[in-house]
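K.L.:
So the chains spell out like this:
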Amino acid sequence: MTAVRKQPARPDARDSRRILVTGLSTYWGGRLAQALEAFPEVEAVIGVDNEEPSVELERAEYVKVGAQHALLRRVVEAAEIDTVVDTRLVVDSNTTSSSKAHENNVIGTMNILAACGGPDSPVRKVVFKSSTHYYGCEQDDPAFFDETMRRPHPPRTPIERDIVEAEASLGEFAERNPEATVTVLRFANVLGRDVRTSHIDLFSLPAVPMILGFDPRYQFVHEDDVFHALEHAVRNRTPGVFNVAGDGVLALSEVAGLLGKPYAPVLPPWGTGIAAAALRRVGVRIPPEAMNQLRYGRGVDNRRYKAAGFHYTHTSREAVLKLGEHMRLHPVVRGAKERYTYEREVEEFLRWSPHVRRSGSSQAAALSRDQIADLQRLLAAAGNEDDGGPSEEDRLAAAEESARQAEQAAAKATERAKKAERRAAEAALKATERAKKAERRARQAAEDAVERASRAAQVPAQQESPPRQPVDHYDELAAEEVIALLASLERNDLGALRDYEREHANRARVISAIDSVLARG
Amino acid sequence: MAEPVRTTLSVRERGPTVGSLVPSDALKDHLPGVEPERRLNDWGRSERVEGFFDQTLVEFFYRYWFRAEVEGIENVPSSGGALLVSNHSGALPPDATMLAKAIREEHPHPRPLNITVEHFFKGYPGFSALLPKIGCVAAHPANVHRLLHDEEQLVLVFPEGRKGTEKLYKDRYRLRRFGRGGFVEAAMRAQAPIVPACVVGAEESAPVFAQVGLLKRVTGLLYFPITPTFPHFGFLGMLGYLPAKFKLRFLEPIEFGEGDSYEDKALVQTIAHEVRARIQENLWDMLAKRRSVWFG
Numbered sequence: 003m004t005a006v007r008k009q010p011a012r013p014d015a016r017d018s019r020r021i022l023v024t025g026l027s028t029y030w031g032g033r034l035a036q037a038l039e040a041f042p043e044v045e046a047v048i049g050v051d052n053e054e055p056s057v058e059l060e061r062a063e064y065v066k067v068g069a070q071h072a073l074l075r076r077v078v079e080a081a082e083i084d085t086v087v088d089t090r091l092v093v094d095s096n097t098t099s100s101s102k103a104h105e106n107n108v109i110g111t112m113n114i115l116a117a118c119g120g121p122d123s124p125v126r127k128v129v130f131k132s133s134t135h136y137y138g139c140e141q142d143d144p145a146f147f148d149e150t151m152r153r154p155h156p157p158r159t160p161i162e163r164d165i166v167e168a169e170a171s172l173g174e175f176a177e178r179n180p181e182a183t184v185t186v187l188r189f190a191n192v193l194g195r196d197v198r199t200s201h202i203d204l205f206s207l208p209a210v211p212m213i214l215g216f217d218p219r220y221q222f223v224h225e226d227d228v229f230h231a232l233e234h235a236v237r238n239r240t241p242g243v244f245n246v247a248g249d250g251v252l253a254l255s256e257v258a259g260l261l262g263k264p265y266a267p268v269l270p271p272w273g274t275g276i277a278a279a280a281l282r283r284v285g286v287r288i289p290p291e292a293m294n295q296l297r298y299g300r301g302v303d304n305r306r307y308k309a310a311g312f313h314y315t316h317t318s319r320e321a322v323l324k325l326g327e328h329m330r331l332h333p334v335v336r337g338a339k340e341r342y343t344y345e346r347e348v349e350e351f352l353r354w355s356p357h358v359r360r361s362g363s364s365q366a367a368a369l370s371r372d373q374i375a376d377l378q379r380l381l382a383a384a385g386n387e388d389d390g391g392p393s394e395e396d397r398l399a400a401a402e403e404s405a406r407q408a409e410q411a412a413a414k415a416t417e418r419a420k421k422a423e424r425r426a427a428e429a430a431l432k433a434t435e436r437a438k439k440a441e442r443r444a445r446q447a448a449e450d451a452v453e454r455a456s457r458a459a460q461v462p463a464q465q466e467s468p469p470r471q472p473v474d475h476y477d478e479l480a481a482e483e484v485i486a487l488l489a490s491l492e493r494n495d496l497g498a499l500r501d502y503e504r505e506h507a508n509r510a511r512v513i514s515a516i517d518s519v520l521a522r523g
Numbered sequence: 615m616a617e618p619v620r621t622t623l624s625v626r627e628r629g630p631t632v633g634s635l636v637p638s639d640a641l642k643d644h645l646p647g648v649e650p651e652r653r654l655n656d657w658g659r660s661e662r663v664e665g666f667f668d669q670t671l672v673e674f675f676y677r678y679w680f681r682a683e684v685e686g687i688e689n690v691p692s693s694g695g696a697l698l699v700s701n702h703s704g705a706l707p708p709d710a711t712m713l714a715k716a717i718r719e720e721h722p723h724p725r726p727l728n729i730t731v732e733h734f735f736k737g738y739p740g741f742s743a744l745l746p747k748i749g750c751v752a753a754h755p756a757n758v759h760r761l762l763h764d765e766e767q768l769v770l771v772f773p774e775g776r777k778g779t780e781k782l783y784k785d786r787y788r789l790r791r792f793g794r795g796g797f798v799e800a801a802m803r804a805q806a807p808i809v810p811a812c813v814v815g816a817e818e819s820a821p822v823f824a825q826v827g828l829l830k831r832v833t834g835l836l837y838f839p840i841t842p843t844f845p846h847f848g849f850l851g852m853l854g855y856l857p858a859k860f861k862l863r864f865l866e867p868i869e870f871g872e873g874d875s876y877e878d879k880a881l882v883q884t885i886a887h888e889v890r891a892r893i894q895e896n897l898w899d900m901l902a903k904r905r906s907v908w909f910g
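Chains A and B, in that order, give the protein sequences. Basically our numbering = 1-based index in the first sequence + 2. Basically our numbering = 1-based index in the second sequence + 614.
Hints are supplied without guarantee of correctness; some may be wrong.
Stated by the list, open to error - Have a look at the derived ranges for each label pair, beta carbon to beta carbon:
(1) TYR678/B to PRO208/A: 16 to 24 Å
(2) HIS723/B to HIS328/A: 27 to 35 Å
(3) GLY827/B to ALA116/A: 41 to 49 Å
(4) PHE666/B to ARG406/A: 52 to 60 Å
(5) HIS723/B to ARG19/A: 54 to 62 Å
(6) ALA279/A to ALA891/B: 54 to 62 Å
(7) LEU281/A to ILE687/B: 50 to 58 Å
(8) ARG725/B to ASN52/A: 53 to 61 Å
(9) ALA266/A to PHE666/B: 20 to 28 Å
(10) THR97/A to GLY827/B: 42 to 50 Å
Hint data in this document are derived by calculation from the structure and do not stem from the laboratory. Since the model is a prediction, treat every value here as computed from it, not as a measurement. Glycine residues also receive a C-beta, built at the ideal position from the N, C-alpha and C atoms.
Using the sequences and the hints, build the whole thing.
P.N.:
See the structure below:
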């Protein structure tokens, strides 16, 4: 390693405490939520997705939303979210159909940003997981793309088009909300044990397929570095766009060598598309965006994020080596680990039931994942030392150490329990306050109504003037949101609302909904 | 979305959300470290492949076939970035490899030379896999800047580009237009000296008698020349150089002061003209002193 000047990471002056993670069911969302809930200063982690989470979560809450995230604004406002991490971008067209990917990538991003924007929004930071597919792969590319460069040609594949569009809306958002910190992280091809990408599928074949006469340059990032990078953006202030890719750009032939596999130039340089279609028949799916990469390759300049204080744990080469190890081990250990399935009732019981006791003793027994890993590492280290010459002292020290760790864990657990209690009390307080506020508001509304009525009686001429907005910011609400509000309104207000709606937007759905509420009495 | 048009002169285009916390000079410290286990570098250059060619083909041509003679090797700096600028000729140009070999053989501190080539080669099967391995990089302004400024390496450019290798035997040693001065801009931005270089002998070793437009289109190549051995001996005929005597001369470096700005188009053009004039003058001088094409 060359001398890397140590730059202190800048902790965010306005800490991120209440965090919303989109795409909770994706590998990244789940992993990030797990990492974030371990920080004591993080008050709330809320994950939204349209599918159930795929990893076990301790205190992060899961909210099911539609694929378009249309009602996200209400979640954001209700939970006073200050940081939104968007991890749900689809960057691999093998995983879903292109229309679904478009819906998720472009429309979803638009809606999420709409939920975060505006002067009265509590959101102060947006972190967006993007991809280096943004740059594309073309013949006249520079060898290293840096963040200030744009792609030399318009995108040709649907996924690349989506990514460019999504980033454009991010840019617009950053311009409109200058007080918000917007971080866009463009990740190179990800390799790792738990993640599935079409490139990993290609590398899992008995030989690495290549286009005859081409040896493209590839840059990879290890899966650990991906969520560390997202975490770094959440915990520090790093506005701007950053490439995230491991050090080192490898030639594809070198990758094959590191994996210990031969490479097979089975794709012809001309008519590659036809050959790929034939391969698809036999079950080897090469997505179009990977096709360009197999021909021209891509390297990115990763220095800017390093300068912002981020440290990579793996170089590209190490990521490939890790993948190779995993591939050799996978057939042996397959199925040994049980998969997690989300069960709503169980999760809700664990989080909210008054019968769940988080006393110190029960928690100390259940060490957290990290603590277990630490313990194992310690024991392994002790075991290694024993190999040279078994010394009783070392083992004793290790045992002591582990005992100390267990104690610490217990202490931490107690603290956590206390915090949970405090949180519950706080929540109760808040609820009372909210109720009071609602009462006050209702009283005021009633007074307003009386006043309005009297004014209407006094000045009949003013009857011509348009009815006032019965609800604050009524014009900004969508039809669904209005309908959701109806149940909480008084009869007179409903009448006023009906008149107002007829005068203005005149949405048939809203009017019929009001009528039905009125009819129900 | 409006499509940005990339000009050859500008490295950067402004995106909407780019905010930078660090000036670009500080990024120099964050260059990736060298992994000693690797045999390729980040540009795709392979020690193994380069070494193989260097010890066989290039060695043979340099020492026995062209019997290269080198003047002014001391003008090539032994540290820091420098931009070598040379005249260009030959169907499969031998001048670049000979310049690289000269620096490797004669220089007191042998350094690798990065040869800039057209983007075309990245898209042509075979060339695409081979050229990066022997030290060629695409002639993109950003690539040149990174090599010169950040990695402080030697870079060789041929400002004549394709116009130089396309020209016929009858036009030998007459320099073509020197592009749009992009190479001067690149050197000034990187604060690296320009070292002009002259190559005599390459024109006679690979004379081009004609260009066939139709075959160029059929093969998809950059150009399709008729040489003494190509196309009738196939692609290997591209290597059928005549044994002309090679003479290489490195001229005194042109340094840039702190105040010189690469945004000053007039200054850039003036320097580009000056470099071209110096190479042309020295070429005439070397030709005047040469008694025989084959024996020097």
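K.L.:
With reference to the structure, classify each hint as holding or not holding.
P.N.:
Hint by hint, here is what the structure shows:
1. A beta carbon spacing of about 45 Å between TYR678/B and PRO208/A contradicts the range 16 to 24 Å that was offered as a hint.
2. Between HIS723/B and HIS328/A the Cβ separation comes to about 44 Å, which falls outside the hinted range of 27 to 35 Å.
3. Roughly 56 Å separates the CB atoms of GLY827/B and ALA116/A, a value that falls outside the hinted 41 to 49 Å.
4. Judged by the Cβ atoms, the range 52 to 60 Å given for PHE666/B and ARG406/A holds: they are separated by roughly 58 Å.
5. Range check, HIS723/B to ARG19/A: Cβ separation about 56 Å, and the 54 to 62 Å hint holds.
6. Our hint of 54 to 62 Å for ALA279/A and ALA891/B holds, since their Cβ atoms are close to 56 Å apart.
7. Checked against the hint of 50 to 58 Å, the C-beta distance between LEU281/A and ILE687/B comes to roughly 52 Å, which is consistent with it.
8. At about 57 Å, the beta-carbon gap between ARG725/B and ASN52/A stays in the expected band of 53 to 61 Å.
9. Range check, ALA266/A to PHE666/B: Cβ separation about 23 Å, and the 20 to 28 Å hint holds.
10. Between THR97/A and GLY827/B the beta carbon distance is about 47 Å. The supplied range of 42 to 50 Å therefore holds.
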